[in-house]
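K.L.:
Which chain is which? The protein sequence lines are A and B, in order.
Each step along the first sequence adds one to the number in the numbering used here, with nothing skipped, and position 34 is 34.
Each step along the second sequence adds one to the number in the numbering used here, with nothing skipped, and position 22 is 135.
Bear in mind the hints are in silico, worked out from the structure with no lab data behind them.
Since this is a predicted model, take the numbers as computed values, not measurements.
One should not assume that every hint holds.
PhoX-like mimics (lysine-lysine), calculated; alpha carbons at most 25 Å apart, straight line [said to hold, decoys possible]:
(1) A/K36 x A/K19
(2) B/K116 x A/K40
(3) A/K36 x A/K18
(4) A/K41 x B/K116
(5) A/K36 x B/K116
(6) A/K22 x A/K36
Between beta-carbon pairs, the in silico distance windows are [stated by the list, open to error]:
(7) A/S20 x B/R219: 28 to 36 Å
(8) B/R158 x A/G28: 15 to 23 Å
(9) B/F176 x A/K40: 26 to 34 Å
(10) A/H73 x B/G215: 23 to 31 Å
Ideal placement from N, C-alpha and C gives every residue a C-beta, glycine not left out.
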Amino acid sequence: ETGVTQTPRHLVMGMTNKKSLKCEQHLGHNAMYWYKQSAKKPLELMFVYSLEERVENNSVPSRFSPECPNSSHLFLHLHTLQPEDSALYLCASSQDRGGYEQYFGPGTRLTVT
Amino acid sequence: LAKTTQPISMDSYEGQEVNITCSHNNIATNDYITWYQQFPSQGPRFIIQGYKTKVTNEVASLFIPADRKSSTLSLPRVSLSDTAVYYCLVGDLGGYNKLIFGAGTRLAVHP
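Please model the entire structure based on the sequences and the hints provided.
P.N.:
Right, dumping it as structure tokens:
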């Protein structure tokens, strides 16, 4: 499998549930990103990992918890979410140094009920 | 990071050339200009990147004037499948990439 993959593609969860989103990149990149895209809003950068170290956290609520166990995998752990957290969550990767091209996964469509 | 301004939407017809202009008045010396394309419910896809003058690839051309305060993405002979949102981003290439997406330009191609 090539590129950036995300699972699940669709997720419906209640406000008291705990779930995790998974992202895997097969490109040999060493930087990975989580974005949130709500309806009719621009993409919002949530977290950036560079060489498995979190280097950016854009004031994201603590109910979103990222994890990067290695340079190929990125998780977003979700707990006690709110309905306004319903959105498309996108993962991306890039080379850590140089280059401005990010490769995005297909996203996980999350609905919080 | 330089702020960009693009038209909210554009309409075109199949076979026409489409030019989408982006303004970035406070672009810095080290900044590059990059365009992404996004289809509904998919992640953005890199289209083209440039620093100055003209860049062309198999998908599009990017025109950048000498003052670099604007850029124009040119899509030759668009088809229905080019209907998407197009984002213009400006930033340097050093370190990890912190992409700040604006609202983009929603292009609708009609038969």
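K.L.:
Next step is simple, just say for each hint if it's right about the structure.
P.N.:
Right, here's what the structure says about each hint:
For the hint linking A/K36 to A/K19, the alpha-carbon distance of about 16 Å falls within 25 Å, and the restraint holds. Of the supplied pair hints, the one linking B/K116 and A/K40 holds, its CA atoms being roughly 19 Å apart against a limit of 25 Å. For the proposed pair A/K36 and A/K18, the alpha carbon gap of about 18 Å is at most 25 Å, so the pair holds. Pair hint A/K41 plus B/K116 holds up; C-alpha atoms about 16 Å apart against a cutoff of 25 Å.
For a cut-off of 25 Å, the pair hint linking A/K36 to B/K116 stands: about 20 Å separates their Cα positions. Of the pairs offered as hints, the one joining A/K22 and A/K36 holds, with about 14 Å between alpha carbons and a cut-off of 25 Å not exceeded. Between A/S20 and B/R219 the Cβ separation comes to about 32 Å, which falls inside the hinted range of 28 to 36 Å. The given range of 15 to 23 Å is respected by B/R158 and A/G28, whose C-beta atoms sit roughly 19 Å from each other.
Separation of B/F176 from A/K40 is about 30 Å and conforms to the stated range, judged on CB atoms against 26 to 34 Å. A C-beta distance of roughly 30 Å is found between A/H73 and B/G215, which places it inside the suggested range of 23 to 31 Å.
In the structure shown, no violation is registered for any of the earlier numbered hints.
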